[in-house]
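**Student:** Each chain, written out:
Protein chains: 2
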Amino acid sequence: MKTLDPQEYSQKYLTDLAIPHIIYRCVGKYPPEVLEQWIGGKGTDTRYSVFVGAASSSQAVSMSLAQAYQLVSKNDAFLMGGVAIPERHLLKADEHLRVISKQQKGCSYFVTQAVYNVEASKNFLSDYYYHCRREGLPLMPVVLTLTPCGSLKTLAFMKWLGVNIPRWLENELCHSSDILDRSIHLSRQAFVELQEFGREKGIPIGCNVESVSVNRVEIEASIQLARDIKQIMNR
Amino acid sequence: MKTLDPQEYSQKYLTDLAIPHIIYRCVGKYPPEVLEQWIGGKGTDTRYSVFVGAASSSQAVSMSLAQAYQLVSKNDAFLMGGVAIPERHLLKADEHLRVISKQQKGCSYFVTQAVYNVEASKNFLSDYYYHCRREGLPLMPVVLTLTPCGSLKTLAFMKWLGVNIPRWLENELCHSSDILDRSIHLSRQAFVELQEFGREKGIPIGCNVESVSVNRVEIEASIQLARDIKQIMNR
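Protein chains in written order, with this note's numbering: chain X, 1 to 235; chain P, 1 to 235.
Don't read these hints as lab results, they were simulated from the structure.
As the structure is a computational prediction, the values presented were derived from the model and not from experiment.
Backbone N, C-alpha and C define an ideal beta-carbon position, used for all residues, glycine too.
A portion of the hints provided could be inaccurate.
To be verified - Here are the simulated lysine-lysine pairs, DSS-like style, with alpha carbons at most 25 Å apart:
no.: 1; chain 1: P; residue 1: Lys159; chain 2: P; residue 2: Lys2
no.: 2; chain 1: P; residue 1: Lys92; chain 2: X; residue 2: Lys92
no.: 3; chain 1: P; residue 1: Lys2; chain 2: X; residue 2: Lys159
Unchecked claim - Between beta-carbon pairs, the in silico distance windows are:
no.: 4; chain 1: X; residue 1: Ser56; chain 2: P; residue 2: Leu4; range: 51 to 61 Å
no.: 5; chain 1: P; residue 1: Asp45; chain 2: X; residue 2: Ala156; range: 50 to 60 Å
no.: 6; chain 1: X; residue 1: Val214; chain 2: P; residue 2: Ile219; range: 26 to 36 Å
no.: 7; chain 1: P; residue 1: His175; chain 2: X; residue 2: Glu220; range: 37 to 47 Å
no.: 8; chain 1: X; residue 1: Met1; chain 2: P; residue 2: His185; range: 43 to 53 Å
no.: 9; chain 1: X; residue 1: Gln104; chain 2: P; residue 2: Ile219; range: 42 to 52 Å
To be verified - Quick look at which bits of chain X chain P covers, simulated, 3 or more residues with Cβ under 8 Å:
no.: 10; segment: 120-127
no.: 11; segment: 168-182
For reference, chain X alone in the conformation it holds in the complex (with noise of 0.2 Å):
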């Protein structure tokens, strides 16, 4: 299936939606000129944007991360984010540190991966609290992306994707009779008890909401979780 550029999918199809809209790029795609000229831009409203970088470090790459973010500083109306990997920090225990580099090269926000496991969660939001609250360094908003899954193979694939998904709640998915409603009453549960985690810390915990899945029936339950969140948030 043949894949949309964010940015003309944005123009094209999303003017209507009068909020930021937050494109993401692949850094390493585009020619260092082509990006530049893309962060320099036309037009006096503030932008935002999050960079992806490398799928892995042999991927061969036009631009560095690194080099996209230099490119940003130069450019005070465009606020950047950063990807938050919390699975990672299980592994290798350092999510905290590589956020908190990012934040020193101008990312003022994080978009987590689809957000499954609340332990590593709130294990990654721990560590990051109190690293900066001992180096006197600002929390800045931690946007926790939720993903509703519908059936078996979607499932797989966010396993796939790297998604951790504990055991038992994986379980609860597989016995489900119905296990997009299942996942959606779990991803609410989730963030609430992440949102209040945050809220007891002083991290402003946002949301995303995104469907891994082309499936119609996936992407509906997507955008009801996303209104079902702004409610929980304005509670």
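Following the hints, position chain P against chain X.
**Tutor:** Below, chain P alone, put in the same frame as chain X:
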């Protein structure tokens, strides 16, 4: 410090406690005839015990856990329990099978090691539930052990004992101005979450509170925690 035999402690100091006393037995410590005599025992009251096996497979023992279970099978008035270690499930993912094997050898309840990792406990309970449901086996009561932690010394000792403490929870304890109070708050929270998890699945959840410290303040806190849990269970 001299340790007391649990049976002796129960008879000498706990006679006023008009509830069943569950006597722990490290079965490898006794010659077979001594354990056999104890299991046969006198009196008509039902007796309760939890048998504990060797600390490692290389430890020399006078009797294996399997042999001890065989002795019990001759006595109907003897209610035997087994140890469950949810943390082991994180690595080996077979703790539910170990428990079910003990169940088939006559164990009618299980007591866990100290629970600080809710995720590990949920994983174990979930696999236990779905396996029993699939095989048509009864769900035995699982008694969750809670342990107050009043100092960094006790925290280090618990970790040495093999208790798995999630990173975020260790941070909370280390940075708390009142570590004992914080550990009790977090233990209560863990119990409520796991009790609810068991309730949804029809797993009877019990609670055992113990102090791994000889510190008076921690022992008293464990008594308070036991009272709190009793209240939670009676809700």
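**Student:** What hint numbers does the structure not satisfy?
**Tutor:** 3, 6
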